[in-house]
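Enquirer: Line by line, the protein sequences give chains A and B. For the first sequence, this note's numbering assigns the number 34 to the initial residue and increments by one for each residue that follows. For the second sequence, this note's numbering assigns the number 59 to the initial residue and increments by one for each residue that follows.
Derived from the structure by calculation, the hints contain no laboratory data. Computed from a predicted structure; not experimentally measured. Even glycine gets a Cβ: it sits at the ideal position worked out from N, Cα and C. Hints may be right or wrong, so weigh each one.
Per the computed footprint, the stretches of chain A lying under chain B, defined by three or more beta-carbons under 8 Å from a beta-carbon of chain B, are [said to hold, decoys possible]:
no.	region
1	83–90
2	122–136
3	140–151
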Amino acid sequence: MTPAVLISDLCKTYRGGTVAVKDLSMRIEPGDFFGFLGPNGAGKSTTIHCMTGIAEPTSGKIEIFGIDAVKDYREARRLVGLSPQEFNVDVFATTTQIIDWMGGYFGMDSALRKRRVDELIERFELGPHANKRFRELSGGLKRRVILARALVHDPELLILDEPTAGVDVELRRDLWRYLQELNRDGKTILLTSHYLEEVERLCRTIAIIDGGKIVREGPKEDFLRGDGLEAAYLAATGAEPDHIAAGAAA
Amino acid sequence: MTDIAAHLPAKRMGINWIGLWTIIRREMSRLMRVPTQAFIAPWISALMFIFVFGYVVGTRISTIGGHRYIQFVLPGILMLNIINASFLQASSQIYFQRFMRYIEEALVAPLSYVEMIVGLLAMTVVRSVVTGIGILLIGMAFGATALSNFAEFLFWIVAVSVIFGLLGIIIGLWAKNFEQLTMLNIFFITPLSFVGGVFNTVKMLPPMVRWIAWGNPFFYFINGIRHSMIGFTEAPELLGAGLTILMGVILSLLVWRLFAIGYGLRE
Chain A
34 MTPAVLISDL
44 CKTYRGGTVA
54 VKDLSMRIEP
64 GDFFGFLGPN
74 GAGKSTTIHC
84 MTGIAEPTSG
94 KIEIFGIDAV
104 KDYREARRLV
114 GLSPQEFNVD
124 VFATTTQIID
134 WMGGYFGMDS
144 ALRKRRVDEL
154 IERFELGPHA
164 NKRFRELSGG
174 LKRRVILARA
184 LVHDPELLIL
194 DEPTAGVDVE
204 LRRDLWRYLQ
214 ELNRDGKTIL
224 LTSHYLEEVE
234 RLCRTIAIID
244 GGKIVREGPK
254 EDFLRGDGLE
264 AAYLAATGAE
274 PDHIAAGAAA
Chain B
59 MTDIAAHLPA
69 KRMGINWIGL
79 WTIIRREMSR
89 LMRVPTQAFI
99 APWISALMFI
109 FVFGYVVGTR
119 ISTIGGHRYI
129 QFVLPGILML
139 NIINASFLQA
149 SSQIYFQRFM
159 RYIEEALVAP
169 LSYVEMIVGL
179 LAMTVVRSVV
189 TGIGILLIGM
199 AFGATALSNF
209 AEFLFWIVAV
219 SVIFGLLGII
229 IGLWAKNFEQ
239 LTMLNIFFIT
249 PLSFVGGVFN
259 TVKMLPPMVR
269 WIAWGNPFFY
279 FINGIRHSMI
289 GFTEAPELLG
299 AGLTILMGVI
309 LSLLVWRLFA
319 IGYGLRE
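Extracted from the complex, chain B is given alone in its bound form (with noise of 0.2 Å):
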């Protein structure tokens, strides 16, 4: 054995924490290749959402359960930033590295599936996080939005973005050209979530298709976090959490499953 041999973890390994952390550090380290496209962006979107929501339109549509349009608006807002920020993260980091073949140096280290999607989840977390309390803060900063709890913020910001990394793995992991990694945020992501309750109440649409709302899961997103900055809900807020949470289990045992087969991963 030699001297690197020797230092390397003992043969039954438990978890491989550098390997973990470096998975982390690389992906960080791509991310701040592109540092506007990942958080510039989304805090400009949010402050041209205000400006309009807040100073054009918003003056002339009356209050929400008390609010002022713009603070019922904001939370959805910043979801919507969460979704697509995880979204995009997890997918595009699986799919380059699959693109590049880079995946590979994964592939042939002594790393666990469960690592492999844990490193991956965390820069998408930590991506999410970043991107929503920038848009929190830039909101309190105009008197925007309010942060009635942070706890709960914090667990829709992170249960929502694992959920979106997971879906955006499952892409990354399913699509062979670039066309395939944007369609579920096409034909999914975008329309479910603007028909989720960012702009409008439930009580708002006509009771004919209330149950459209009740139904996706995207409004319970975004109820959830409306809830956590001015307090304002629709729906109980311990069932949006479990279905969230039922999903988290479900798509994460999924992930699992394609890692242990190498669908997408191995040849």
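Bound-form chain A, shown alone (with noise of 0.2 Å):
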């Protein structure tokens, strides 16, 4: 079966030198739900700018559902839904133009527009807010409008960084539950985040990226055996589980 992400020998090296990303290389299954995890600056965020556009590729290859996304990258573009770790929206336009705009990037004609618009505000409660520009909502509802926004072309794979930063419990659990949902609707679903909690809850496999390489991969449960996945985590980051630190200490 065509996998849904194919990442081979991917490199990215910034401007300046700097090596975010090397010799990378993964696999995502179609309906999977891909938990991404890593250290701040590990390389989570290059690779997904690699993947969607908002960063070139140094060398390697990137393929979205066997298309190659540097060379066909309007065709792999249309299969893949971005909600980044950062609000990169202007700030001075309403939720619902915000939405409506990205379905138009996207080739969506105007009433397939205004249903998915209407259905998203919906799905995600915006309607008291839906004329309300974004530099006006709260931290909470601007990381609904980036999901929204993320989802309006309804895409097949939807790459959520960090997707739940600075959210509130309701909002926390009740976008895990919208994320199963897509997930048993047979989205794929790639996930990073810094809640462990969240990514045992959500995911079915579990990748492990430190220093730009990935350092562990495999199926959840693989990860969950022996001290769980917070002492898999420190183990493949190379940091120290608390109580091995606190015994050093003592």
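Since each chain comes alone in its own frame, lean on the hints to assemble the complex.
Expert: Here is the structure:
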């Protein structure tokens, strides 16, 4: 079966010489809920940016559902929705405009856009804020707008870069339910998060990146054996679990 | 394939017309947040020029080629406004998208580089045409100008706004801060436009420095629009039009290349 994402030997070196990703290879099966973990600066966002066209890979190959994401980037982009870590929006635009414009960029006609924008506004309970400017919204509402924007064209692959950062407990749990629904409907989801509880609850496959390389990858169950995901994560990234660090300090 | 995905453009996409139109209507929405700055300011500025050169200073200056001084000056004023409007529109459009990072919305969408460039230029041309026609109508209302050839007038507005739109895109991609965004305007556009024959003919210049005017592209832009409005010319219009089209082609290729390599756009 054609993988949803196939990354082979991806390298990304920024101008100035910073190596963000080196020889990264990764495969995500269609329909998977894939957790992509790593410390800050490990290369998670850079990998996502290379997949979505925000960054130019230095070398290597990225395929989205078998389509080359660099050479045939327009075809590949149709299949991907991105909710980035940082708010990359026109802060003077309204909620409706932000979602509608994104639908327009994806070639959705006005009737389809209207239907979809209404659906998403209702789904994310943005009705009272539909005509408010982005800058007037609270952090949680902003995050909902960004998610709705990522979903407007109903992408086959949804990439969520820390989607619940700064979000209250209620919204986080509501979002989890929604993501599980989407995944049940066949959507492939790539999730990065620093909340291990979130990853443990949602994901079926986990990869840990550190220093620009995948240091461990496998089914969630493999990570849960022994001392659990946190211990596996700390071991993979070379950090010491609390009890070991505490013991060493004593 | 989901319901919505089935409605998206076919896998092998041709032109993403809806995407292109979205770039335009989005920028239109941004522009309509500052209508005074975009349209009213150049119209008021033109009115002031008409007052000063038409009724205060102009009456003391002899005619040029049989035209009153205000009739001679106004096409140049109009062209300066077109140049400013198109450069500001394109440079601020791309710079703000980069600065606030919402350029990423277009980068992650199935839009080609050409669609992105055409979308940026389309609003630049719209703003310039509205500005230019507004100044023309104000000038005509006060008897300060005429229109001898509308097609030629439109050609010059569109061609010059495309050229300065492209230059604006290059500067908008290059600029790292607001200071850099204004540099081309301060050191290139304003000086060259003032010595490009807005206020004087080439014959008025000392013979030693006339070559500066002949080598100055702004001279051909101003001469061209002046010819379309009052029929006065100092250079063959076809030469000016040819040079202008050549500049447009070279700048288009350069901008396309910058988009293709992701200069200033992608990390």
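Enquirer: A separate judgement is required for each hint: does it hold in the structure or not?
Expert: A quick look at each hint next to the structure:
no., hint, in the structure
1, 83–90, "holds (count 5)"
2, 122–136, "holds (count 8)"
3, 140–151, "holds (count 5)"
Of the numbered hints listed earlier, not one is contradicted by the structure.
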